[in-house]
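J.: Each chain is listed here by its residues.
Number of protein chains: 2
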Amino acid sequence: MIAMVRYGKEERRKVLEAELTKHPFFTDEELARRFRVSVSTIRLDRGVLGIPEVRERTRVVAQEAYSTLKSLDDQEVIGELQELVIGERARSAMTIEESMVLAKARVARGHYLFAQANSLAIALVDAPVALTGSVELKFIRPVQLGELVVAEGKVSQRKGDKYWVEVLLLVNTEVVLRGQWILFAKEKEEVREMEME
Amino acid sequence: MIAMVRYGKEERRKVLEAELTKHPFFTDEELARRFRVSVSTIRLDRGVLGIPEVRERTRVVAQEAYSTLKSLDDQEVIGELQELVIGERARSAMTIEESMVLAKARVARGHYLFAQANSLAIALVDAPVALTGSVELKFIRPVQLGELVVAEGKVSQRKGDKYWVEVLLLVNTEVVLRGQWILFAKEKEEVREMEME
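Protein chains in written order, with this note's numbering: chain A, 51 to 247; chain B, 51 to 247.
Treat the hints with care, as some may be off.
Pairs involving identical chains hold if they fit within one copy or between any two copies, as the list cannot separate such chains.
As a list, the in silico SDA-like pairs of lysine to any residue whose alpha-carbon atoms are at most 20 Å apart [said to hold, decoys possible]:
hint	residue 1	residue 2
1	K72	V110
2	K188	I232
3	K154	T118
4	K188	E60
Derived from the structure by calculation, the hints contain no laboratory data.
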């Protein structure tokens, strides 16, 4: 997304400001790598531009994201919700802890990754209740203890109460799981006696 | 599986004994319905045949199943393991509790159903470590609080370290979720640096 060229100081600050407005989750380390400057240069740039550090930026955006939730309660999102534009895109982050790995393989259990991705897909549906119809998952590589998994979801299509959602799980910039969801938006009352099509 | 005809007493007991050897998990209520006799008739039959009640039958089979586990530890199976013939077939049961349902919809969250099915698929792989490659899920109908979900898994194909597994989740005899897994059998040492194909 950010071109890997070296900018002059003024231009770099302009691009930096624009990029952080669109993508507030980059750390100083990632920005340094992308702009091919030192971390302290990025910190100086942020200081001049009056942009707070990533933790503070994330906190502000996350508060908005949680307050936007409709189909889930706050604690029902698996992972930490970072961004949510219902019907469009969403993002969450989850660090793989000891309790989430298989004793023998020492890699994250499939259902924790599924839970993060599935709850993000549900959060994207614009209705009080969203039900999963079908899912196709491709596990690209195992996720290790301690890794930070970022889920990025987007609604690719919508027809009436039917949503097509794609979710990618990433570690750094590497895709570790890719999934396609079909979900159904429902009113609370419809669910009890319902049969999924 | 059991024909819905009415048998004479002797024949019924013979069929009952044969069926319970193959399928030890039927309750007296289910058997009564299937044989079109009363529950007390079934109890009497079992008494004459010296067959213990379903809880005891399940306990014995489950002990064997848990001792067969290879790719998972006992507590890593989500749900209660009831049967396991590694490389062939497996079965588990899980009751949907309050903590597993969505606050708004009051139906089981997708990742609990996925966890039950996924751990059963993994248990079927004949190796110290099994990794999920891809999954296709179809959620047929939502599962309500209090319902007992039985997972039935079977290995449909196997080629070298690659397994194709089908898992059905059932409530009573109704299929509520159908899934196809592709898994990879691995030795412990292979996993750390591995990339899934």
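J.: What are the numbers of the hints the structure violates, in ascending order?
T.: When the structure is compared with the hints, only number 4 turns out to be violated.
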